[in-house]
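For reference, the chains in residue letters:
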Amino acid sequence: MLLQPCFDGELDEGTAAMVRAHVAGCDGCGREMAALQALRDAMKRSLPRHAAPQSLRDRVQNPAAAASGRRPPKPVRALPRWLAMAASLLLVASLSVGLTWRWMDRGTPAAPYELLLHDLVSGHLRALAATSNVDVVSSDRHTVRPWFAGRVEVAPPTIDLSAQGFALLGGRVDYVGGRRVAVLVYKHAQHVIDVFVLPDDAQGVTDGAGETGMIVRQGLNLLHRRVMGVQVWAISDLDGQELTAFADGLARAQ
Amino acid sequence: MDPASREEAPAEGGRGRVERLILPHLDAAYNLVRWLARSEQDAADIVHEAFLRAVRYADSFEGGNARGWWLAIVRTTYLSWIAKTKGVRSPLSLEEVAKSGEDGLPADSGRNPEELAHWSQCAGMITELVEALPAGFREVILLREMEELSYREIADLLQVPIGTVMSRLARAREMLRRAWAARQRG
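These protein sequences, in sequence, are chains A and B.
Each residue of the first sequence is one higher than the one before, counting from 1 in our numbering.
Each residue of the second sequence is one higher than the one before, counting from 1 in our numbering.
Here chain A stands alone, though its shape is the one from the complex (with noise of 0.2 Å):
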């Protein structure tokens, strides 16, 4: 009855370990198993992702421009002055093939650094909404470090903050970029934060050396530090000045 919530990762560390130990012992069991990967390796490979054509981008994004299109939305509300002046300008804009696409190419270069912000927060988000968002569940830092071996690329630097009132939860491994990456999780009163630790030439940080300010996705701080040598993620709930407060308790730690 295990076997697809162990197969969807919906178990808890404990639990899944049980579960596939039963499995590499039983052959009927991993008959099973087997064939739910060759299923999902195969939809994976096979099954096509529609991407939103343009035109619906076009819609979404730009109502003015897309209403001289075949199939004009209708307007819900009358546009405040600026935007229908701002829509309008774009209209301009979008005649001109040659301006457009001027205008999109300078849309580009922020494009890798916010698709590395989604991953993140859709790291944090995911982990949060499953059963349990550490692999390796221990407050000891000596303990969640060498788990770490062998499954990522940078050994997460494992910081005690329990004096500060940051509790260590555990880590667990998540993807950002599609790599594989060491998370840190720590808790302070009710809110989770996730520390991402990041191979120096990961997707959309060009300098992984600077600090950032506070970023806000999703209504989630983000906020980037080095800390012994790496480059580090700090993302939660937890409101800016506390968070910044995690951070730099990080970055200050030898």
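Hints may contain errors.
To be verified - Taking beta-carbon pairs under 7 Å as the criterion, some of the chain A residues facing chain B (in silico):
(1) Q4
(2) A21
(3) M43
(4) R49
(5) A51
(6) R59
(7) S132
(8) V216
(9) Q218
Said to hold, decoys possible - Stretches of chain B that chain A covers, calculated by requiring three or more beta carbons in the stretch to come under 8 Å of a beta carbon on chain A:
(10) 39-51
(11) 125-139
Said to hold, decoys possible - Sample of chain A residues with no beta-carbon within 10 Å of chain B, all distances over it, derived:
(12) H22
(13) R141
(14) R151
Read the hints as simulated data drawn from the structure, not as lab findings.
A virtual CB, placed ideally from N, CA and C, is assigned to each residue, including glycine.
Guided by the hints, dock chain B onto chain A, whose structure is given.
Leaving out everything else, chain B in the frame of chain A:
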């Protein structure tokens, strides 16, 4: 305060905000509806309609999981759209189940490792089999395998208990495997 202006303010401030919230998930929304509605033009119209709804209900977003909030609106829009155009009241119901899958195949079919190895070699057929699943099952397995939503996220989106998500997902997988085995045989 003039009630009209009070009503306008959040909606207009909402458009930019909603745009920022949903743009990263526009492809996910389109992909889901495209798979459910099986038509490009319909999918684009439904997602656009959902966007307008999202702007109208911008206040209902209380922070947190923007994708879940947005996909729930998209799904509701899809359901009311199909009710309106096709007169089908509940297209994601599971009534078709009784007919499909119970075709007298032994429960074990499709579990033979050699057969499974062939999955990967017949890409087009998988798309066909998934499209042939009843919509309620197609939806769950796509949310899990393509969007990689957790059981919890799917349950929230469909507003059903997690146990229902699990049984529907297991059923969808079983049906795909049976259908596959039947193809191999036929």
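Results of checking the hints against the structure:
no.: 1; hint: Q4; verdict: holds (6 Å)
no.: 2; hint: A21; verdict: violated (21 Å)
no.: 3; hint: M43; verdict: holds (5 Å)
no.: 4; hint: R49; verdict: holds (6 Å)
no.: 5; hint: A51; verdict: holds (5 Å)
no.: 6; hint: R59; verdict: holds (5 Å)
no.: 7; hint: S132; verdict: violated (11 Å)
no.: 8; hint: V216; verdict: violated (11 Å)
no.: 9; hint: Q218; verdict: holds (5 Å)
no.: 10; hint: 39-51; verdict: holds (count 7)
no.: 11; hint: 125-139; verdict: holds (count 3)
no.: 12; hint: H22; verdict: holds (18 Å)
no.: 13; hint: R141; verdict: holds (28 Å)
no.: 14; hint: R151; verdict: holds (20 Å)
Going through the hint list in order, the structure does not satisfy hints 2, 7, 8.
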